[in-house]
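What follows is the residue order along each chain.
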Amino acid sequence: MTANARIWHLVLVLAACSTPLMIMYVFQVIESVAESDPGSLWPGELDFENWRFLWERIDTARPSIWVATFNTFLFACATAFLVTALSTTAGYALSRLNMPGRPYFLGGLIILHAFPTITLIIAIFIILQFLGLFDSLLGIILVKAALELPFGVWIMKGFYDTVPWEIEMAGVQDGASRVRVWWELVLPQVKPGLAALLIISFLSGWSEFVLPLVLAPGTSAQVLSTYMNAVIQDDTTADFGLFKAIGMFYSIPVIIIYLLFQKQLMNIYGGGTKG
Amino acid sequence: MELRLEKFTKRFGEVTVIEDMDLTVESGEMMALLGPSGCGKSTTLFAICGIHKMSGGSLHFGDRNVTTMPAQQRSVGVVFQNYALYPHMTVEQNIGFPLKVQRVSKSEIREEVARLSDLVQIGNLLDRRPAQLSGGQQQRVALARAMIRKPDVLLLDEPLANLDAKLRLEMRSEIRRIQRETGITAILVTHDQVEAMSMCDRIALMKEGQIMQLAAPEEMYANPSSQFVAGFLGNPPISFLDAVAGERLDLGTGQSLARPFGLEATGDVVIGIRPEFFGPQHGTGLEGEVIFVEPQGREELIDVRLEGGGEIRSVLPAGEPVKPGERINWGVATDRILAFAKDGTRL
Ligand SMILES: Nc1ncnc2c1ncn2[C@@H]1O[C@H](COP(=O)(O)OP(=O)(O)OP(=O)(O)O)[C@@H](O)[C@H]1O
Ligand SMILES: [Mg+2]
Numbered sequence: 001m002t003a004n005a006r007i008w009h010l011v012l013v014l015a016a017c018s019t020p021l022m023i024m025y026v027f028q029v030i031e032s033v034a035e036s037d038p039g040s041l042w043p044g045e046l047d048f049e050n051w052r053f054l055w056e057r058i059d060t061a062r063p064s065i066w067v068a069t070f071n072t073f074l075f076a077c078a079t080a081f082l083v084t085a086l087s088t089t090a091g092y093a094l095s096r097l098n099m100p101g102r103p104y105f106l107g108g109l110i111i112l113h114a115f116p117t118i119t120l121i122i123a124i125f126i127i128l129q130f131l132g133l134f135d136s137l138l139g140i141i142l143v144k145a146a147l148e149l150p151f152g153v154w155i156m157k158g159f160y161d162t163v164p165w166e167i168e169m170a171g172v173q174d175g176a177s178r179v180r181v182w183w184e185l186v187l188p189q190v191k192p193g194l195a196a197l198l199i200i201s202f203l204s205g206w207s208e209f210v211l212p213l214v215l216a217p218g219t220s221a222q223v224l225s226t227y228m229n230a231v232i233q234d235d236t237t238a239d240f241g242l243f244k245a246i247g248m249f250y251s252i253p254v255i256i257i258y259l260l261f262q263k264q265l266m267n268i269y270g271g272g273t274k275g
Numbered sequence: 001m002e003l004r005l006e007k008f009t010k011r012f013g014e015v016t017v018i019e020d021m022d023l024t025v026e027s028g029e030m031m032a033l034l035g036p037s038g039c040g041k042s043t044t045l046f047a048i049c050g051i052h053k054m055s056g057g058s059l060h061f062g063d064r065n066v067t068t069m070p071a072q073q074r075s076v077g078v079v080f081q082n083y084a085l086y087p088h089m090t091v092e093q094n095i096g097f098p099l100k101v102q103r104v105s106k107s108e109i110r111e112e113v114a115r116l117s118d119l120v121q122i123g124n125l126l127d128r129r130p131a132q133l134s135g136g137q138q139q140r141v142a143l144a145r146a147m148i149r150k151p152d153v154l155l156l157d158e159p160l161a162n163l164d165a166k167l168r169l170e171m172r173s174e175i176r177r178i179q180r181e182t183g184i185t186a187i188l189v190t191h192d193q194v195e196a197m198s199m200c201d202r203i204a205l206m207k208e209g210q211i212m213q214l215a216a217p218e219e220m221y222a223n224p225s226s227q228f229v230a231g232f233l234g235n236p237p238i239s240f241l242d243a244v245a246g247e248r249l250d251l252g253t254g255q256s257l258a259r260p261f262g263l264e265a266t267g268d269v270v271i272g273i274r275p276e277f278f279g280p281q282h283g284t285g286l287e288g289e290v291i292f293v294e295p296q297g298r299e300e301l302i303d304v305r306l307e308g309g310g311e312i313r314s315v316l317p318a319g320e321p322v323k324p325g326e327r328i329n330w331g332v333a334t335d336r337i338l339a340f341a342k343d344g345t346r347l
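Protein chains in written order, with the numbering used here: chain A, 1 to 275; chain B, 1 to 347.
There could be a bad hint or two in this list.
Taking beta-carbon pairs under 8 Å as the criterion, some of the chain B residues facing chain A (in silico) [said to hold, decoys possible]:
1. Q72
2. V78
3. F80
4. N82
5. A84
6. V101
7. Q102
8. V104
9. F261
Rather than coming from a laboratory, the hints here were simulated on the basis of the structure. All of these numbers come straight from a predicted model, not from anything done at the bench. Cβ atoms here follow ideal geometry from the backbone N, Cα and C, with glycine treated the same way.
Just chain B, with the same shape it has in the complex (with noise of 0.2 Å):
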């Protein structure tokens, strides 16, 4: 069911959370709410599960608005970061107690618990506690709990966070395995780019309560709206440099690089430069030295400072012979820099 909040405002008290945000989840669509800490992502799922009052605008599910209903009715199906499970209850009571608050038949409970808990493929673990489950267990209990009631719109806030590395990586293929065989529409809170990249259709990235650039993942990866979203997204990070656009993009360190075809500006410009663009592969143009080299396994991220000033990162293939202390002079991509005004937005 499509998801349209309108307006969205949030006080508490005298302070300002989020203003006049607008947000359009599609029907089936699994939707990734992006930011650094205290941008507002919980502060907007809370409001839309119904937890928080809305200090203003609208929330709609499909047609129905629901600003105003309390969270009870509301058709939303909630994991929490901690996963809340009720621990005096087995799981099979965990997973069936949103049915058994609506009087459901115990039998019609049963045949649903096993439904779910074939879906989230626990369905040898129903008479054991949320104590005497793994993370990961109890991370597919609290989605069974979550998503019983068939809910108009299911909300994750964090859901990997209390994950280990391996797990993390398990589970963000089954939520994406599970929201895309039942349809359902999904959206996840998260501060990692990582997993909002991977899951979702679609990221709202946040930034002190606004929606700074809302894409599908490569799209805003490639095609960032200002520096902000260009620095959050990636991994390693993208490099700024500072530059004056003349003839070329000038480093003001004695260096220069082509302009990229299209750019129009001139003047101070910030540039900013991913690290798979910058390396030996794009033939030569910038001189420096290598004053870092970090193995992670299958690549390398190299640090390098540049001739004159300025620091820029690399990432190689594993194997690479290239050592700290050594200089080198590597190409740009000239076509893929992402020029920003001073004030940030894109040029």
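In isolation and in its complexed conformation, chain A is listed as follows (with noise of 0.2 Å):
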């Protein structure tokens, strides 16, 4: 309480710079159940005329809002966990094994995670197309989980650098074999980092927009993102109350991620601290 009075100011200005966002955030929740008259601000009558396409195709040529969620779903799931799975193993080695070369890999790890990777697009596009992985859900899966991963293996090989190597030395005197010793002694400690890159790398696949519309054009992997952008450009007179509608739609889960998952999120900037 005397933090919150002591740093009001402090509010009262990150609160005015806000509040063009909020404002926005409020009309695009309104605007998709109310359209407003042209030249009003105030909203209409209560109509559900634009969430029409949670019940009807808006276009036969695409397939329905389901399908590109459950593709959306299963392309940030898939990313997700590739991430997470790769870079635990990847991260505690880089963290713990004397290997030849580990600096350079350290460097380069940093140096990817800083690169517009949207300039190797072509690149990747060139590699999808030869092994046949173009315009496929598990192509874009790949790639984006490439691209995610320098920033999960970093952020991993940080928890483990937190975990005291006695701790595994005590394992390994008890008897345990290495690999015993990191799945049973070393991953408890470094759960929050797990937690947390899994939310993150999966809210990342989520949003993801440019790796989609570029690799997997087609109707048949087609995810939210793209799906949007679809809507927006097929039709020659723009429906923006459907588009927000749709945005809202989209937005809904990243919410309530971020509300369930708070605490996790947090712990990627404490280095996984705890009691």
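With the hints in hand, could you dock these two chains into one complex?
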């Protein structure tokens, strides 16, 4: 409470800066269910017409919203699991194993993390084409996971670094194999990092737009972001109400996840300390 | 079980940390590895438990050669300096983990955990997690976990370094009691000479990867083999003075001391006088000025600057009316004078 009182002016500034954002969000919610008359700010009557995409196909050429949602979900889950699983093992190796070329590997990770990956898109396109994975969900899952990996490995390495190596040595002394020590003694210490990474990579997959747009432009592997893009582009007269409603639908899971997992997400910045 | 290191050598890349070290720890004995920081104590310990590979030499437990045996198969219990308890497990799970790895049945594990937690007196804490324990309690848990497999050898790496002064005293006698009760062969690594002297049967005093002297604590204190050993043991520390041995020990400052009986050397020497062997209770002989008095409760440490140069330390019971600035003439217990050659070897 006293801390809140002391930083009230800071809160005020932040509030003032984010007001436009808030207003936009409020109108997004309102206008998705009640169209305002042209030229007026005030919403008209309650009208769920904009949400019609939930129960009917808005365009027969496109799959239903539920297929796109399922695709997005699959895409986000698969990349999240792939990234987390690989980062968990790779991070451990980088943190603990004394392998040749380790410093270069670490340096490479940072560079890759900061690299504008979009510049790679043509090369990736050619590779996918070559592998026969172009325009498939599997293809963009692999690409997305690969691009997320440097971040994940780096984060997990940081978490492993905080685990005292004596714990591992104690485990070895107690007779457990290295693998068992890792699984039973070390992994539980980095659980917070694991959870945070899982959530973050899920959210990142959920909101991915460019990769599906370029690498899976067909209708079979359409995800929500490309679905929205198609909605706004196809129609001769853009239906902003519909667009807003789909946007709402698209962001609800994100909001829910943030609300549920706030604590776990904060962990990534705390480095996994706990009492 | 007897532990024997033969010609143990350890190199890290180009750097040789320990060369050709021989060390035998008798069965049931508690041995201290004592030495200044960086002398190779931990390195020796890690070689014994198998964390480090030995670069040369061999290691025997009893008549088994375990030099190349992986750490998991050696029967060694280790207590690490920071205890290395598993934070996500309860005390009971921590202590039982070594048995769980060996696939011992649940009921048997519970029995053994109960036995060990009685031994280290933490039977009422079994459901807690390490974060909910005090330093001394964590120490006890670590000890119980290290001992539950009934290891051949128990290794303790600076086990008391993280405890406060009072707890340190308590755990000192506790660890000794447990070691005696179980009759386990133990090695204690420490840089604290009081710990080594009060807890162990024998001390191996190390310097730069070599054992300088290996002896029982009293023997090492009374009869150090070199100037380094004499200076390392004893608190407050011994004072060294340069002298020329002739008819008497001439300090070169106009003062001299009687030759101790049995000293044969002549010429330049370094003499060591422990503080308890210099004081008014030993008569007169050395003149000087008190420059510093440090009360320590039961006793007082007194620094004296000798007439003509040189400093010497004395320890007296508290309450002696000695003030800084006072001129004194105190004696030295002549046969307790330790004499060393200029290169530090004992004469
Ligand atoms: N992994 C390593 N690589 C290179 N040199 C090392 C390594 N580990 C230890 N050393 C060196 O070996 C020497 C002995 O180290 P060790 O840890 O055994 O000292 P110690 O006696 O345990 O000291 P302390 O009381 O400070 O723990 C030191 O000079 C140290 O720098
Ligand atoms: Mg050490």
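Here is how each hint holds up against the structure:
Interface restraint check: Q72 of chain B against chain A, minimum CB-CB distance 5 Å, threshold 8 Å, status holds. With 8 Å as the threshold, the beta carbon of V78 of chain B comes within range of chain A, its nearest partner Cβ sitting at about 5 Å, so the hint holds. Given hint, F80 of chain B at the interface with chain A, holds; its Cβ is 4 Å from that chain's nearest Cβ, closer than 8 Å. This hint holds: N82 of chain B has a C-beta 6 Å from the nearest C-beta of chain A, less than the 8 Å allowed.
With a cut of 8 Å, the hint placing A84 of chain B at the interface with chain A holds, because the nearest CB-to-CB distance is about 4 Å. The beta carbon of V101 of chain B comes within 4 Å of a beta carbon in chain A, closer than 8 Å, and the hint placing it at the interface holds. Taking 8 Å as the C-beta cut-off, the interface hint given for Q102 of chain B holds, the closest approach to chain A being about 6 Å. Hint status for V104 of chain B: violated, given a least beta-carbon distance of 11 Å to chain A, over 8 Å.
The beta carbon of F261 of chain B comes no nearer than 51 Å to any beta carbon in chain A, farther than 8 Å, and the hint placing it at the interface is violated.
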